[in-house]
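Novice: Let's have the full structure, built from the sequences with the hints guiding it.
Listed in order, the protein sequences are those of chains A and B. For the first sequence, numbering that gives the first Met the number 0 assigns the number 0 to the initial residue and increments by one for each residue that follows. For the second sequence, numbering that gives the first Met the number 0 assigns the number 0 to the initial residue and increments by one for each residue that follows.
In case anyone wonders, no lab produced these hints; they're calculated from the structure. Glycine is no exception: its CB is placed at the ideal position from the N, C-alpha and C atoms. Each hint should be verified, as a subset may be incorrect.
Stated by the list, open to error - Stretch-level coverage of chain B by chain A, calculated; a stretch enters the list once three of its residues show a Cβ under 8 Å from a Cβ in chain A:
| id | stretch |
| --- | --- |
| 1 | 46-57 |
| 2 | 63-77 |
| 3 | 129-140 |
What the hints assert, rightly or not - Have a look at the derived ranges for each label pair, beta carbon to beta carbon:
| id | chain 1 | residue 1 | chain 2 | residue 2 | range |
| --- | --- | --- | --- | --- | --- |
| 4 | B | D60 | A | V193 | 27 to 37 Å |
| 5 | A | T18 | B | A158 | 22 to 32 Å |
| 6 | A | D14 | B | S162 | 30 to 40 Å |
| 7 | A | L186 | B | G151 | 30 to 40 Å |
| 8 | B | A144 | A | A13 | 18 to 28 Å |
| 9 | B | A15 | A | D14 | 44 to 54 Å |
| 10 | A | L169 | B | A127 | 57 to 67 Å |
| 11 | B | L66 | A | I86 | 35 to 45 Å |
| 12 | A | L186 | B | R163 | 49 to 59 Å |
| 13 | B | D40 | A | T62 | 23 to 33 Å |
Here is how the chains run, residue by residue.
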Amino acid sequence: MTPPVGTNDPDDLADLVRTWRDSTARLEGGIAELAAALDRAHERDARAERDPARARVTGALATVRAFNIAQLVVAAVVAIAAGSFWIDHRDEPSALLSGLSLHGYAIAMIFAMARRLVLVARVDVAGPVLATQTAFARVRQFHIRSSLALGLPWWFLWIPCLIMLARAVLGVDLYARAPLWFWLSMLVGSVGLVGSLALARYLVRRAAASPAPRWADQLAGRSLARAARELAELFAYARNAT
Amino acid sequence: MTASAPAPAPSAPKTAFADAITEHRRLIARVAASYGRTPEDRRDLAQDILLQLWRAWPRFDPARAKLTTWMYRIALNVAISALRRPAVAAAARSAVLDDTAHAAHAVASAETDDDRLEQLYSAIATLAPLDRALVVLHLDGIPHARIAEVLGLGASNVATKLSRLRALLRTRLTQGEPR
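Specialist: Structural data, given as C-alpha cells:
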C-alpha cells in the first residue's frame, strides 16, 4: 500500500520521508505480535463460548451507557413521584411549589440523559475522522453543559426535597412551621452558589496554564468555552477556513 | 506473526484480524509514532489503536469501506481522542492487556533513535490534531481522494490544506523550530 517515495511529497522532504516510512519497524513487530495474542485470546474464549477479553474492552463504554440509563430511570421515578405529590397537594402552596420544582428538575434530567444517550450513539469510531471528532465534541459540550445545569440547582433543590419529605412522612408543613429556616436555607444556597462559582474562578485563574481541578474548570466555564471552541474549529476545518 | 490456532469462530473472522493487522501494521505504527511524543506514548497509543480495531473488527464491512480506510479512520480517531482523554485511554488499555502481557511488552520495546526523524516527529507534533492526520496520510503516500475519504473532507479542501502544511513543515524542518 506504500507507494514509492516522491510521488506525493516535496523534493526536499523525500529523503526524510523515506526514513519515516522505514522508521517504525520495531513498533510494527510488537503490533503484529499483540494482534496475534489478541486473536489467540479470542479463539480461546470462542472455544469456551464466551468472550471476556472483548467484553472487557467494550466494558468502559457499556458502563457509561448503563450509568446514563440508570440516571434516566431514576429521573423518571422522581418525575412520577414529584408529579403525583404536587397533584395531591394543590391546595398547599409550599408543597405545590416544592413538588413542581422537583418535577421540573426531573423532566429536565430525563431530557438531558436521553440527549446524552442519543449523542453517544451517534459516535462512530470507524467513521470519517472529522465527523467522528465533531460527534465526540458534541458529546463533551453537552455533557459539560448538562452537568452544570443539573448540578448547580442542588444548592436550592435540597430545600423542596426536605419540604416534600417532611410533608409526606411526618405530615408537617415545614415552611409554615419554620419560615425562617426556609429563607435562611435559601440564603445559604445563594451564598453557596455564588461562593462555589467565585472559588472556581479563583482556582482557574491561579492555575493559569496548568490544569485546575475538573470541577473548577467546569464551574468557571472554562471547559464549556474549550468545548465550544473545539466545535467551532472543527466546523471551520470542514469549511476550509483554517 | 499470524494467529496460531486454526479453529474457526462462530461469529467474527478471527484469524483474519491478525492477518489484516500484520499486513497493515505500518499504518498503526506510523499513526502512533506521529501522535505520541515519547516512546512510551507511542507504545500506549499503538496498543490503544490495536484494541479499538480488535473491538470494532466484528462490525467491519468491506462493502462500506476499504480495510485500510477503515483502519486509518479508527487509528486517527483513537489518536486524536487520546490527546484529549489520556486517562480514559489508559483505563481501557489496562482492562485487556493482562492477558497479553508478553506481546504488550514487545510493543513497549519499540522506539526510534534517529535525530532527523525525531525532528520530523517534533515538527508534526506542532500541528493541530487534524492537520497532523492530513500530514501522516500524505507522508504515507495516500492519494488525495483517499485522504478525503478517511477524514471526511472535500478533495479540493485536502489539496489546499496540504499545500499550506507542506510549506509549513518544510519551514519548520529547515529552521529546526522547536515545539
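Novice: Work down the list of hints and note, for each, if the structure agrees.
Specialist: Taking the hints in turn, this is what the structure says about them:
no.	hint	in the structure
1	46-57	holds (count 7)
2	63-77	holds (count 8)
3	129-140	holds (count 6)
4	D60(B) x V193(A): 27 to 37 Å	violated, 54 Å
5	T18(A) x A158(B): 22 to 32 Å	holds, 25 Å
6	D14(A) x S162(B): 30 to 40 Å	violated, 21 Å
7	L186(A) x G151(B): 30 to 40 Å	violated, 52 Å
8	A144(B) x A13(A): 18 to 28 Å	holds, 22 Å
9	A15(B) x D14(A): 44 to 54 Å	violated, 36 Å
10	L169(A) x A127(B): 57 to 67 Å	holds, 60 Å
11	L66(B) x I86(A): 35 to 45 Å	violated, 59 Å
12	L186(A) x R163(B): 49 to 59 Å	holds, 57 Å
13	D40(B) x T62(A): 23 to 33 Å	holds, 25 Å
The structure is inconsistent with the numbered hints 4, 6, 7, 9 and 11, although it conforms to all the rest.
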